[in-house]
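Trainee: Sequence:
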Amino acid sequence: MKEAEIRKTVREGYAKIAVSKGSCCSPAGVNSRNIGYNDKDLKAVPEGANLGLGCGNPVAIASLKEGETVLDLGSGAGFDCFLAAGRVGEKGKIIGVDMTPEMIEKARENAEKGDYRNVEFRLGEIENLPAADNSVDVVLSNCVINLVPDKSKAFGETFRVLKPGGRFMISDIVLTQELPEIVKQSVEAYIGCLSGALLKEEYLRKIEEAGFRDIGIVEETSFPVENIINDPTAKTLIDSCNISTEKVAEVTGSIRSIRVQGIKPA
-12 MKEAEIRKTV
-2 REGYAKIAVS
8 KGSCCSPAGV
18 NSRNIGYNDK
28 DLKAVPEGAN
38 LGLGCGNPVA
48 IASLKEGETV
58 LDLGSGAGFD
68 CFLAAGRVGE
78 KGKIIGVDMT
88 PEMIEKAREN
98 AEKGDYRNVE
108 FRLGEIENLP
118 AADNSVDVVL
128 SNCVINLVPD
138 KSKAFGETFR
148 VLKPGGRFMI
158 SDIVLTQELP
168 EIVKQSVEAY
178 IGCLSGALLK
188 EEYLRKIEEA
198 GFRDIGIVEE
208 TSFPVENIIN
218 DPTAKTLIDS
228 CNISTEKVAE
238 VTGSIRSIRV
248 QGIKPA
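Counted from 1, the sequence shown has number 106 at position 119 by my numbering; the numbering is strictly sequential.
Quick caveat, the hints were computed from the structure, so don't treat them as lab data. Mixed in with the good hints there might be a few duds.
[To be verified] Capping the alpha-carbon separation at 25 Å, the derived lysine to any residue pairs in SDA-like fashion look like this: (1) Lys78 with Arg147; (2) Lys150 with Lys100; (3) Lys187 with Asn115; (4) Lys100 with Thr56; (5) Lys187 with Arg154; (6) Lys78 with Asn121; (7) Lys193 with Glu114; (8) Lys193 with Ile250; (9) Lys150 with Gly73.
[To be verified] Now the in silico label distances, taken between C-beta atoms and shown as ranges: (10) Glu165 with Gly143: 20 to 28 Å; (11) Leu186 with Pro151: 16 to 24 Å; (12) Glu165 with Gly54: 40 to 48 Å; (13) Ser50 with Ser122: 14 to 22 Å; (14) Lys150 with Gly240: 36 to 44 Å; (15) Gly240 with Glu77: 44 to 52 Å; (16) Asp102 with Glu196: 40 to 48 Å; (17) Gly111 with Ile250: 22 to 30 Å; (18) Glu196 with Glu53: 31 to 39 Å; (19) Thr208 with Gly73: 21 to 29 Å.
Ideal Cβ positions, reconstructed from N, Cα and C, are used throughout, including at glycine.
With the hints as constraints, model all of the structure from the sequences given.
Mentor: Following this line, the structure appears as structure tokens:
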């Protein structure tokens, strides 16, 4: 698929999720517990903020400090932003960026509902962030970079907006082997965070090429199988592409959920 088609497909897919209050994967609470959130996290945010769209918990290990400015790439309905808001306190600031107007609207409603005065949401694309150079202390992202057509530009923009000495913490999906071509070309697989995923080595290389240092994978796990089994986009993919059970098992075995961090040199 061409870049414009990918963006249109992803925007429309996530607009439907925002309006339907659903998830691309298993039920939101089940998915979130599987990938590192606890009951305290789930209860701390406004109802409707957690859509179960993540593949990890970047907030838990971002070591956020009071007074910091945090930018969340692909903020969705605001789940990670609201968790981060409690960590940085009233003197801190959280900026959520999402390219889907319906998600931005939903996130702003949730912020008003929860009276989050240190959180704002901006409409924009990750490859062209609506944020100034050297303006944030921390960048977070949860299962979103894999949806971006130009990942090199996304990491370059992340580097640009971070202050010297700033850091990022990203949860994402990567692969240990190439996907079958039929999966790569699938619209359903792209919305389901699969066909846009890179091989792990390529993903890390793009981060390094953007200028980051001290890059490391903090955690790597197999992506929860139950998330894939219960994923309606995966079911559609299997049915429409007539993929065998053996091929599904092979694809599933190559998917990894990673939490990766890095620092912009001071």
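Trainee: It remains to establish, for every hint, whether it holds in the given structure.
Mentor: So, going through the hints one by one against the coordinates:
1. Lys78 with Arg147: The hint holds at about 23 Å.
2. Lys150 with Lys100: Cα-Cα ~31 Å, so violated.
3. Lys187 with Asn115: holds (24 Å)
4. Lys100 with Thr56: Measuring from Cα to Cα gives roughly 22 Å; hence the hint holds.
5. Lys187 with Arg154: Between Lys187 and Arg154 the Cα gap is close to 20 Å, so the pair holds against 25 Å.
6. Lys78 with Asn121: holds (18 Å)
7. Lys193 with Glu114: holds (14 Å)
8. Lys193 with Ile250: holds (14 Å)
9. Lys150 with Gly73: holds (21 Å)
10. Glu165 with Gly143: 20 to 28 Å: Given about 25 Å between the Cβ atoms, the range holds.
11. Leu186 with Pro151: 16 to 24 Å: violated (30 Å)
12. Glu165 with Gly54: 40 to 48 Å: holds (44 Å)
13. Ser50 with Ser122: 14 to 22 Å: Hint holds: Cβ distance 19 Å, inside 14 to 22 Å.
14. Lys150 with Gly240: 36 to 44 Å: holds (40 Å)
15. Gly240 with Glu77: 44 to 52 Å: holds (46 Å)
16. Asp102 with Glu196: 40 to 48 Å: holds (41 Å)
17. Gly111 with Ile250: 22 to 30 Å: holds (24 Å)
18. Glu196 with Glu53: 31 to 39 Å: Given about 33 Å between the Cβ atoms, the range holds.
19. Thr208 with Gly73: 21 to 29 Å: holds (25 Å)
Hint compliance for this structure: hints 2 and 11 are not met, and every other hint is.
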